[in-house]
Amino acid sequence: MDVLQIVAIGLIATVLIVVVKSQRPEMALLLSIAAGVILFLLVLGKIGAIMDIIRDLADRAGISMVYLGTILKIVGIAYIAEFGAQICRDAGEGAVATKLEFAAKILIMVLAVPIVVAVLQALLKLTT
Amino acid sequence: MEVIRSLVQNLIVIVILAMLLEMLLPTGEMKKYVKMVMGLLIIVAVVQAVGDLARWDYTGDLPSLVEKESDARLPGIIESGKKITGEQQEKAIEQYRSGLAKQVMALARMQKEASVTGVEVIVQSRGDVSGFGKLKEIIIYTSTDPVTEATEGKQEIVAGGVEPVTVQVEGHNIAATQAGVGTGQPGKDVAGLINTVANFYNLNPEQVKVVCR
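Line order of the protein sequences matches chains R and L. Every number in my numbering is 398 more than the matching position in the first sequence, counting from 1. Numbering follows my numbering, in which position 133 of the second sequence is assigned residue number 127; successive positions increment by one, without gaps.
These are calculated hints, taken from the structure and not from any lab test. A portion of the hints provided could be inaccurate.
[To be verified] For lysine-lysine, the following BS3-like pairs were computed, each having C-alpha atoms within a straight-line distance of at most 27 Å:
hint : chain 1 : residue 1 : chain 2 : residue 2
1    : R       : Lys471    : L       : Lys26
2    : L       : Lys203    : L       : Lys128
3    : R       : Lys503    : L       : Lys26
4    : L       : Lys29     : R       : Lys497
5    : L       : Lys29     : R       : Lys471
6    : R       : Lys444    : L       : Lys128
7    : R       : Lys444    : L       : Lys25
8    : L       : Lys29     : R       : Lys444
9    : L       : Lys182    : L       : Lys130
10   : L       : Lys25     : R       : Lys497
Every value quoted in this text rests on a predicted model; they were computed, and no experiment measured them.
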């Protein structure tokens, strides 16, 4: 059972972090990052299956792969930024976390520009 | 009816896709941004589906911010593609020319009277000009001395020498090019050779030249 493995790893990591945190806070942070990476690697194979389904659905709906690729990139950026910001907050660096999130928002907006322009063009053609 | 069915089917698939993507969204600060972009995507998909139904050109020129890197490489790729095309065309034309020269040589040697020593074929080799690969001129080199040719280990006399000539063929006056020895009197053998080669390759007799060396 994958879920048991995942929960076990999460609980062990939590206990270790709680124990270590009082003595060595920097080691606790490293443990937290390691636990996050292990959990991500455990579900990485399954993410591929979900992506295949989404691609198949988009293909059936006739959605251009350019749009879907943009959306998937945006979701990826959001997740990575979220994880990074949480780690920063755990380490007590709320300011860095905020800036990290700000950078991610800018990247998301940059990637969204083609879609926004496509919608605007469609609307303008509709009105003319 | 079929079109409406297809439209409804597409919209259902789009909604399911949106639900799936929404489940993938991260919780927290980032969620509303991703959700906004996803909403735009769904608007585009719906407009696309309706546009397909109405056969209406809904698409504009999509600004390719994400494809900038590959765009920058495009001129280089096109340039190298053109270079490769040019090289391949050059090779092909060279092979074609040497094959034609061999054919003409074989054809000319069937004329037992003429002693052919070499053949040069000139074709249209510029790819940008119309009629690429078209046969422009054939120059046949003949010798005044009898030519000997090694055939299966023994020396065999193929043909006697041919005088440099100016030939009258089908009303055209064909001047034999001078080379080395000089131009001589017209001869029936050379006229026949020119006629045969010109007819075989559907050329004007002026395009076939005989050079006596």
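Practice prompt. Decide if the proposed pair is consistent with the structure: Lys29 (chain L) and Lys497 (chain R), CA atoms, cutoff 27 Å inclusive.
Written response: holds, 21 Å
Worksheet item: Holds or violated: Lys29 (chain L) with Lys444 (chain R), Cα cutoff 27 Å?
Response: This hinted pair holds, its Cα atoms lying about 23 Å apart.
Discussion item. So if I understand the rule, the pair passes when the alpha-carbon distance is 27 Å or less; does Lys503 (chain R) with Lys26 (chain L) pass?
Written reply: Holds. Lys503 (chain R) to Lys26 (chain L) sits at ~10 Å (cutoff 27 Å).
Worksheet item: Is the hinted pair Lys182 (chain L) and Lys130 (chain L) satisfied, with a Cα-Cα distance of at most 27 Å?
Response: Roughly 24 Å separates the two Cα atoms, so the pair holds.
Discussion item. Run the distance test for Lys25 (chain L) versus Lys497 (chain R): straight-line Cα separation, threshold 27 Å.
Written reply: Roughly 16 Å separates the two Cα atoms, so the pair holds.
Worksheet item: Would the pair Lys29 (chain L) and Lys471 (chain R) pass a check requiring their Cα atoms to be no farther apart than 27 Å?
Response: holds, 13 Å
Discussion item. Run the distance test for Lys444 (chain R) versus Lys128 (chain L): straight-line Cα separation, threshold 27 Å.
Written reply: violated, 61 Å
Discussion item. Hinted pair, alpha-carbon criterion (27 Å max): Lys203 (chain L), Lys128 (chain L). Please report holds or violated.
Written reply: holds, 17 Å
Worksheet entry | Pair hint Lys444 (chain R) and Lys25 (chain L), alpha-carbon separation not exceeding 27 Å | Distance of about 22 Å is within 27 Å: holds.
Worksheet item: Under the criterion that the straight-line Cα-Cα distance not exceed 27 Å, is the pair Lys471 (chain R), Lys26 (chain L) satisfied?
Response: holds, 16 Å
Against the hints set out earlier in the document, a violation occurs for number 6 only.
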